Amino acid sequence: WAQQLPGAGHAVHREQHVPAWDRWVRQANGRWVRRRAVLDLRLEAPPAAPITYLDVVVTHPASATYRAGAATENGYAAHKAEEWKHARYPPRDSVRGNLVPLAVETYGRLGEEGLRFLRRAAGRACTRTTALAVLGGEGPPAALGAWLQRQSCALQKSNAAAFKAAAGAAATWREHAAPGLEEAALEILASAETLAAAAA
Numbered sequence: 001w002a003q004q005l006p007g008a009g010h011a012v013h014r015e016q017h018v019p020a021w022d023r024w025v026r027q028a029n030g031r032w033v034r035r036r037a038v039l040d041l042r043l044e045a046p047p048a049a050p051i052t053y054l055d056v057v058v059t060h061p062a063s064a065t066y067r068a069g070a071a072t073e074n075g076y077a078a079h080k081a082e083e084w085k086h087a088r089y090p091p092r093d094s095v096r097g098n099l100v101p102l103a104v105e106t107y108g109r110l111g112e113e114g115l116r117f118l119r120r121a122a123g124r125a126c127t128r129t130t131a132l133a134v135l136g137g138e139g140p141p142a143a144l145g146a147w148l149q150r151q152s153c154a155l156q157k158s159n160a161a162a163f164k165a166a167a168g169a170a171a172t173w174r175e176h177a178a179p180g181l182e183e184a185a186l187e188i189l190a191s192a193e194t195l196a197a198a199a200a
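Heads up, the sequence shown is in our numbering, so the first residue is 1 and it goes up one at a time.
None of these hints come from the bench; they were simulated from the model.
From a predicted model like this one, the values you see are computed outputs, not experimental measurements.
Incorrect hints may appear among the rest.
[As the list claims (entries may be wrong)] For each label pair, taking beta carbons as the anchor points, the in silico distance ranges come out as: (1) 63 x 198: 25 to 31 Å; (2) 71 x 28: 29 to 35 Å; (3) 34 x 120: 43 to 49 Å; (4) 30 x 141: 26 to 32 Å; (5) 188 x 137: 36 to 42 Å; (6) 123 x 88: 24 to 30 Å; (7) 198 x 6: 23 to 29 Å; (8) 96 x 6: 17 to 23 Å; (9) 194 x 35: 28 to 34 Å; (10) 33 x 123: 38 to 44 Å.
Backbone N, C-alpha and C define an ideal beta-carbon position, used for all residues, glycine too.
Sequences and hints are given; from them, build the entire structure.
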């Protein structure tokens, strides 16, 4: 997103520390430590779009935390992730700017709040770029679609990397009584690597 949003007129700063959102956390040993609030992106585009903090979170709808809700409500996991971000970074007078959580589920669904922001940004990009402006009303959906394709590729590459890291060495699975698990996992890994290579 740091690469895409300058096209919408945003000055983008990565990994921004916001001291007003720091918090003290008590560790298991009883000691208190200050946890720094470092958000993914700080966007500036005055006067039409003042300071915005964009913080990305990826959540898995099939996890035990979200499974029941996700079974009955579309986008449940992304919505809960947005709520968690707002609870972690609440509005404060000492913070200049607004928080926009960019929540995305591992299967690709975006949270509504982040999607609204990206739609507006795509519209701004189309007013600033001649090649997109000539598309008229078709420009913003085309720009947003291109952005989301890039996000989808990045997300699936990360999913494949996370799966590989969690799987560990397939040779160790032979110790467990799970017939066919090793072959199935290796097949998934091979497919993931093929798709990641095609998307690169």
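Task: Earlier hints that do not hold, by number - done: 3, 4, 9
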